[in-house]
Amino acid sequence: KQEVTQIPAALSVPEGENLVLNCSFTDSAIYNLQWFRQDPGKGLTSLLLIQSSQREQTSGRLNASLDKSSGRSTLYIAASQPGDSATYLCAVQTGANNLFFGTGTRLTVIP
Amino acid sequence: EPEVTQTPSHQVTQMGQEVILRCVPISNHLYFYWYRQILGQKVEFLVSFYNNEISEKSEIFDDQFSVERPDGSNFTLKIRSTKLEDSAMYFCASGGQIDQPQHFGDGTRLSIL
Chain L
223 KQEVTQIPAA
233 LSVPEGENLV
243 LNCSFTDSAI
253 YNLQWFRQDP
263 GKGLTSLLLI
273 QSSQREQTSG
283 RLNASLDKSS
293 GRSTLYIAAS
303 QPGDSATYLC
313 AVQTGANNLF
323 FGTGTRLTVI
333 P
Chain P
34 EPEVTQTPSH
44 QVTQMGQEVI
54 LRCVPISNHL
64 YFYWYRQILG
74 QKVEFLVSFY
84 NNEISEKSEI
94 FDDQFSVERP
104 DGSNFTLKIR
114 STKLEDSAMY
124 FCASGGQIDQ
134 PQHFGDGTRL
144 SIL
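Protein chains in written order, with our numbering: chain L, 223 to 333; chain P, 34 to 146.
Hints are computed from structural coordinates only; laboratory data are not their basis. All values reported here derive from a predicted model rather than from experimental measurement. Check the hints yourself; a few may be wrong.
[To be verified] Which chain P residues face chain L? A few, computed with CB under 7 angstroms, are given here:
1) Gly73
2) Lys75
3) Val76
4) Phe78
5) Ser81
6) Glu89
7) Glu92
8) Phe98
9) Gly105
10) Gly129
11) Ile131
[Stated by the list, open to error] With beta-carbon atoms standing in for the labels, derived distance ranges:
12) L:Asn285 - P:Thr38: 22 to 32 angstroms
13) L:Val235 - P:Gly129: 29 to 39 angstroms
14) L:Gln276 - P:Tyr83: 22 to 32 angstroms
[To be verified] Calculated from the model, a selection of chain L residues having no Cβ within reach of chain P, i.e. all distances over 12 angstroms:
15) Ile229
16) Pro230
17) Ser234
18) Leu241
19) Val242
20) Asp261
21) Lys264
22) Ser268
23) Asp289
24) Ser292
25) Tyr298
26) Pro304
27) Gly305
28) Gln315
29) Gly326
30) Ile332
Glycine included, C-beta positions come from ideal geometry on N, C-alpha and C.
Could you build the full structure based on these sequences and the hints that come with them?
Quick look at the structure:
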């Protein structure tokens with residue numbers, strides 16, 4: 223069964239810093255990998271989706287990479303802002319078309 | 034931008050009662066999903082729905098659960114006889130194609146007393 227792990231569980235950085243969030247998964251037979259943002263008490267906002275054939279995707283200050291063979295993905299956030307404070311979730315989609323989620327990294331950006 | 038909407042935002046129900054959670058997916062999407070998140074735990078897949086039938090379900094989705102797309106716009110999750118352990122946030126999601134992002138609603142917080 224697919225297991226998704228995210229490290230660190232929580233991260234606190236001063237505003238302006240660049241940071242990296244890590245995601246690993248046990249079964250490399252994935253369809254794609256998606257990064258989400260979750261604000262407290264809210265739903266999940268899709269940030270980036272990387273197809274299994276791709277190596278990275280970029281959106282604004284966010285860059286996600288995928289190394290399918292080693293079962294790893296990273297989310298790079300450049301020039302962090304207090305508004306980036308949220309929980310970041312990665313999820314892998316298997317051929318069964320459901321998503322397996324990690325436990326998330328809770329990010330706090332200190333002004 | 035189109036979004037997935039869920040109602041109600043919070044539902045409080047006595048144990049043993051039936052609940053129906055409602056979702057309006059994005060209008061041109063073809064794939065529909067329900068997930069749940071117990072407080073402090075991972076988001077877990079419940080069921081996926083395509084072409085008017087269940088395409089995949091998890092072991093959580095037992096005989097107490099059912100889904101329906103009654104009118105071409107709504108997508109519902111019914112829990113027939115709720116248990117205390119059904120208390121969770123329930124998220125609906127929809128996707129245009131199987132390899133496109135899934136878009137989530139804000140969820141329904143279900144509290145079973």
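For this session: If any of the earlier hints don't hold here, list their numbers in rising order.
Result: Failing hints, ascending: 1, 7, 8, 9, 10, 20, 21, 22, 28 and 29.
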